[in-house]
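> Given next are the chains, with one letter for each unit.
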Amino acid sequence: MLLMDSSTKISFNRCIRDGDLVIVYERHTMKAVKVCENSVLQNRFGVFKHSDWIGKPFGSKVFSNKGGFVYLLAPTPELWTLVLSHRTQILYIADISFVIMYLEVVPGCLVLESGTGSGSLTTSFARAVSPMGHVYTFDFHEQRAASAREDFERTGISTLVTVGVRDIQGDGFPDQFSGLADSVFLDLPQPWLAIPSARNMLKQDGTLCSFSPCIEQVQRSCETLRSDFTDIRTFEILLRTYEVREWKMDHSKVNDGNSTACPPRKRRQPSSEASVGDNASSSAVMARPSAETRGHTGYLTFARKCVS
Amino acid sequence: MSENKPESGPTVNPRVTWEGCSVLLDINDGDRLVFARLSAGSTLKIGNKTFSLQPLIGCPFGSLFQVESGKEKPYLSRFIPPTEENNVQDEGGCQLQEESRDNRAIIDNNQAQSLTGDDIDAMRRQGATGNEIVEALIANSATFDKKTQFSQEKYRLKKQKKYAPRVLLRRPFSRSICEAYFKKYPARIGFLRVDTLSLLLSMANVTANSDVLVLDMVGGLVTGAVAERLGGSGSVCNTYLGGTPYPMEIIRMFNFNNEICKRVLRCSVNDLCAVQNETSEQVSQREDVCTMESQSDEKTSLSVSTEEVHLSSKNGFLDLVPENELSTTGKTCKAPKAGEKAPKEAIQSWKENGFSSLIIAAPEQDAWILVKDLLPLLTYSAPFAIYHQYLQPLAKCMHNLQLEKMAIGLQLSEPWLREYQVLPSRTHPCMQMSGSGGYILSGTRAYSNTSQS
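Protein chains in written order, with UniProt numbering: chain R, 1 to 308; chain L, 1 to 453.
Worth flagging that the hints you see were computed from the coordinates, not collected in a lab. Model, not experiment: these values are computed from the prediction. Be aware that a few hints might be false.
[Stated by the list, open to error] Derived BS3-like pairs (lysine-lysine); straight-line CA-CA distance at most 27 Å: (1) 56/R / 351/L; (2) 56/R / 31/R; (3) 61/R / 351/L; (4) 56/R / 372/L; (5) 372/L / 61/R; (6) 248/R / 396/L; (7) 61/R / 405/L; (8) 73/L / 158/L; (9) 183/L / 159/L; (10) 248/R / 405/L; (11) 248/R / 372/L; (12) 61/R / 396/L; (13) 66/R / 405/L; (14) 147/L / 161/L; (15) 31/R / 405/L; (16) 49/R / 405/L; (17) 405/L / 56/R; (18) 351/L / 372/L.
[To be verified] Restraint ranges, calculated between C-beta atoms of paired labels, are given here: (19) 161/L / 29/R: 49 to 57 Å; (20) 174/R / 41/L: 40 to 48 Å; (21) 428/L / 67/R: 55 to 63 Å; (22) 411/L / 12/R: 23 to 31 Å; (23) 434/L / 51/R: 48 to 56 Å.
Every residue gets a Cβ at the ideal spot worked out from N, C-alpha and C, and that includes glycine.
Whole structure, please, built from the sequences with the hints as guidance.
Below, the structure is given as structure tokens:
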């Protein structure tokens, strides 16, 4: 991610270079593209030459041979979460941002994570610990670990993240981290099996989080946490989005006795009965919740290692 | 292993308290939250007794303290909770299937307890510990055995909180500071809930080496949270309309080291937008005026916060221990405090490069008016996040940004947070819930031919 390194961070003076990762923003979709001097991007708006992009600032609008356009954005962990390829179910921004805050992850921290999955949360952890901290993430699936490593190379965070292939539920975290971790994050089918090891990894008052879709998993995890952890709290977080529209309301009186509120621009009101001042229309910006929204992702259980 | 106040080195989250550090005291598991500064003379009042906080100096954050009766007077002593609670749960687990008790015969007539207030006082004078008093109350309760397992636990906990109160030493972090204020004085932070704050930080991509522009009218909470994430690199510019900076007293609770403090700078919107061709004479003249203004404002804001402290201490919530605050600040803080006026070089650098992101937390202002002036200060492709208590100003702002084509990827969202109680056979969402954490408008600044840098 460009912002990690002070020499590459975005600014008015920093323009797109050959080899940069950009997020191509179309009207309703986005994708990550590596800029290559001789390459092109083809979509329903036409053909875009990468060479046209080089030298332009991030955030620019670029055109295709047909006159269609897209925007080129600098990658951030949020945008990356929306474009990365899903090898597993991923965490989204609401859960990710809450986890980072509640685990108290700041620059310099050492974070242990399992499973890596598609690396969505890992990318945000890397941002949070940069530049002096580190994330050690483990997945028992060799291929997924390899894909994650590739992704971290592409997004430029591989100096901050180390991916290991390991079965944390069966073998626990590696002993070399004992007592060194500031935070541990678990996204496993049976997290209670990993909790004793997590306990050993954490510093005193270190933070732990376990993400589980099912309440039975949460109950079992909490039971196991009670022996060595305190401040055990479980949450659910969701993000509701709103749509915004401008409505022009016609104030002319309606003759037929029906409701005077009218949908925008669809019905023409007979204005024969209206007096002079009543033809004025006003516009208002209105917001309503989006019709589709996520109902559940998982429960987040947080805890702190007891101080002895 | 004890650590001194972190002046050097990259550690930004020391785990052991030191003299002069700021702490958050959690009394009786969240019932009462108090910010304090640890020193030999600082004290805490629980009930009608005053306790010295000296035993807390040099202890790890997360330590628990209980009131112990000493030879002369009660004091706070470090205490490790036994794992007996775990055993109770296990027993509870087995007995649940056989729990046959219920409350049909229990009459609430205030006559179940045979120990009187005088009896308890006598026990105290003889040196009984809080826990012994709790056990005595249980032994002398006629209805205790008739209660269900869960009811007994609840009873024990209630008595323990009264006769053997516990104090948990918490680290002040953006999470704990935000939660404490949201619980006790939400209006001071514009009802900004902890999940909303976390979203602002993510959506604005706050990270090391970034230059973040912040308009903070929530007491400095957002500025502090941003500075925490920067960890001593980059910069956070706390900006303000007009000539008077907004109060930032919450930042003092964060225990920031010098490296972080000097990255928190202040600059008015006027200065940020000023024409670059101004002569240095004109600039320094204006700066002098501003410095004088801001110095006198600093004094007034300091005195205002001390007053608030006196008022709120009656309610049991202190911002900082009043009689010690000013004196300890004088002794221990030789280094620059956070919020110094931004030097010319910084302003110049921000103008040349643009800010890497923007956060606005002005829950009583018109969002569009602020965004119009501040968005052009961002570099292109920079994300921004605007917090508001009310939906309408953000809806209007979003609409205007779309019309003017100043931003893309606009999203108006509202976070929903619910906590659960997880106990054997008693798992359910908590009875109480926060109704709202406010709204966020987020997006990315787009470059267009009509944009001016």
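> Just to be careful, I want the Cα atoms of residue 147/L and residue 161/L compared with a cutoff of 27 Å; is the pair within it?
The hint holds at about 19 Å.
> Need the status of pair residue 49/R, residue 405/L: alpha-carbon distance at most 27 Å?
holds, 24 Å
> For residue 61/R and residue 351/L, compute the direct alpha-carbon distance and say whether it is at most 27 Å.
holds, 23 Å
> Against the 27 Å threshold, does the CA-CA distance of residue 56/R and residue 372/L hold or violate the hint?
Roughly 24 Å between the alpha carbons, so the hint for residue 56/R and residue 372/L holds.
> Is the distance from the Cβ of residue 428/L to the Cβ of residue 67/R consistent with 55 to 63 Å?
holds, 58 Å
> Note whether the CB distance of residue 411/L and residue 12/R lies within 23 to 31 Å or breaks it.
holds, 25 Å
> Assess, step by step, whether the Cα of residue 248/R is no farther than 27 Å from the Cα of residue 396/L, and give holds or violated.
Within the cut-off at roughly 14 Å; holds.
> Verify the CB-CB distance for residue 161/L and residue 29/R against the hinted window 49 to 57 Å.
Since residue 161/L and residue 29/R have Cβ atoms about 55 Å apart, the given range 49 to 57 Å holds.
> With the threshold set at 27 Å, check whether the alpha-carbon distance from residue 183/L to residue 159/L stays at or below it.
holds, 24 Å
> Residue 56/R and residue 31/R: Cα distance at most 27 Å?
holds, 19 Å
> Straight-line Cα separation of residue 66/R and residue 405/L no greater than 27 Å?
holds, 22 Å
> Within 27 Å, alpha carbon to alpha carbon, are residue 351/L and residue 372/L?
holds, 17 Å
In this structure, every one of the numbered hints holds.
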